[in-house]
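Sequence lines, in order, name chains A and U. Letter by letter, the first sequence follows residues 1489 to 1836 in the numbering used here. Letter by letter, the second sequence follows residues 1489 to 1836 in the numbering used here.
These are calculated hints, taken from the structure and not from any lab test. Treat the hints with caution; some may be incorrect.
Because identical chains share one entry, a pair is satisfied inside a single copy or across any pair of copies.
Unchecked claim - Taking lysine-lysine and the DSS-like style, the derived pairs with C-alpha atoms no more than 30 Å apart in a straight line are:
(1) K1500 / K1759
(2) K1537 / K1602
(3) K1528 / K1554
(4) K1692 / K1602
(5) K1782 / K1692
(6) K1687 / K1821
(7) K1529 / K1602
(8) K1759 / K1775
Protein chains: 2
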Amino acid sequence: MQQGCKKKVTIKDIAREAGISPAAVSLILNNKPCRILEEKKQLVREIAKRENYVVNQAAKSLATRKSHMLALILPDIENMFFSSLAKQIENRCRKEGYSLIIASSDDRWENDEKLLRVLESRGVDGIFLIMSLEAMEHGERLLEELSLLTMPYVMIDRTLLDAGCAKVSFDHGQGGYLATQYLLEQGHTKIGCVYRDDKQGSGKSRLDGYLRALAQYGVPVNEDYLKKGDYRMESGYLAAQALLATDCTAVFLCNDMMTLGFLRRLYEEGKWVPQDYSIVSYDDSLKNYLLGTKLTTVVQDIEALAGEACRLLFGRLRGEGGESQILLPPRLKVRGSVKKNAAERGMG
Amino acid sequence: MQQGCKKKVTIKDIAREAGISPAAVSLILNNKPCRILEEKKQLVREIAKRENYVVNQAAKSLATRKSHMLALILPDIENMFFSSLAKQIENRCRKEGYSLIIASSDDRWENDEKLLRVLESRGVDGIFLIMSLEAMEHGERLLEELSLLTMPYVMIDRTLLDAGCAKVSFDHGQGGYLATQYLLEQGHTKIGCVYRDDKQGSGKSRLDGYLRALAQYGVPVNEDYLKKGDYRMESGYLAAQALLATDCTAVFLCNDMMTLGFLRRLYEEGKWVPQDYSIVSYDDSLKNYLLGTKLTTVVQDIEALAGEACRLLFGRLRGEGGESQILLPPRLKVRGSVKKNAAERGMG
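This is chain A alone, in the form it adopts within the complex (with noise of 0.2 Å):
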């Protein structure tokens, strides 16, 4: 019946061997209604298991439409954010009963359209996008190439303003403003903000909630203390040795890694924190790193976040509509305490 051991056995070999109509064994496999004698599927089934017979997806999907394949494209997969957030979709897609795979754009706008492209000719049934920072910047291009899809999508995490579609996403202009407004509290005034020069992302986001703090609090804006950044370490490292040179005494860095960097300059100063100097990071991701620094920090509850784009997902697979437009507050995790410190040298 197979030519070689590692040819595929076909619907049509099954068919033969057991004398009935191909037409019939499909059905069978396929737990379809049909009028078949129990013995005969009986027979079915077993050869199909002896021959290891796959039921073709591929083939199956080109006419039902459903692969109950899920895909995410996110931006890079070495990035502790998106790892974690990966597994926790991955988590729920499995007891939906749904495989996910994932994708990586390496940030870069020609790979979003690419993956795009693939995924949707390979017959996903819906895809969770979190975008690359490039594709942001070409809003108008990334809305037009998202309306000619077929499938159902939802955006996550880097969202468009004018997308109508379904996405959800964390409040980064609240972020910015809790951690700034925690630093006022404790008694600074000379605040950096280190954070990343977007035109439409988190990262405007998050330096807008820190100037509206200092406005609220009647602090004037002190361009020497504001650092961009591009959310990797090194950048975080210059820009300590930056502020260092100033007299600023607290920082809000607008991600952990740029944090990261910045510890490691104050470290070589022998300073820690929070006994030297007073900072917020942003993302809680180094928690279980961290051994003698106590870091306060925005955190951007993942769980919510893959529990939302998943709810979102899933409604729309089912043919529901509904809510589609999620902004998850994020929150403020104290730990240590800076007032003293701020007070001595903040107001000193």
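Using the hints provided, position chain U relative to the given structure of chain A.
The following block gives chain U in isolation, referenced to the frame of chain A:
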């Protein structure tokens, strides 16, 4: 021509509008030779572009058996070793013209099996497989499952000795030996080991390396110094608790996550590495995170692992055979020195 703005255009739709046969449209869009006027070809391409027609890869792959998509099955997307490896493999696939999709087994054997079947049925061209620990415990069943695959695959990192397939991994026995030898050379004789107790995996091999080094230096094994862990932080913390109650002066920890837990417990006692305690860890994934701690560690070159895995799979996709079992040597990265303390405590 379209019934709704989200309805996919088919080859028949394009054929109708262009006034030629669907077969001719297919030849044109797949860049196959055909006797059709250049103007007509141009028209077909314009319609396809205007209608955002995507060549149906699922249908196409059924005919051509090429999807230009490779898959990577890994045990845990959140584990930094695997996510770094995934990124390295992904970069190499992209350069070679392949899309890479990643799927996680959550370290469960049933998911390995399911993913192998799903990915094969979706027509991926080849598979990179880092199997679950559970699967390694069921070596024979796994080998049977793998022998039925109809596409090339490469086993990475966790391999079975008797699998006659393409595989690449690190020499874990050598890693355990190097770590222990270093501590012995620093003057320690009371050396703990925190290891994972598996039958056929890196845990057993690393422990074997530790035992081999002790034997070679004529140091008897003390069962009190051997602590089981599960490669997670909590188990390292508990091991520290237990080993601090013994007189051992140094410890070899078989992975970085356990080391994190161990360091946390030491820190609670006011002890720092390497000043107050001697540790050799494994993986070198912590180098960016540890402030005030100099950690000597066994390093596995992830780039080399990804490079060899890709070389093997790309070769097989081109129909090449050749060398198929690669064992990469780990190396020791020394940070800080523990010699003085060792002499004081271990010999005292």
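Compare the structure with the hints numbered earlier in the document and write down the numbers of the violated ones, lowest to highest. The structure conflicts with hint 1 only, although it agrees with all the remaining ones.
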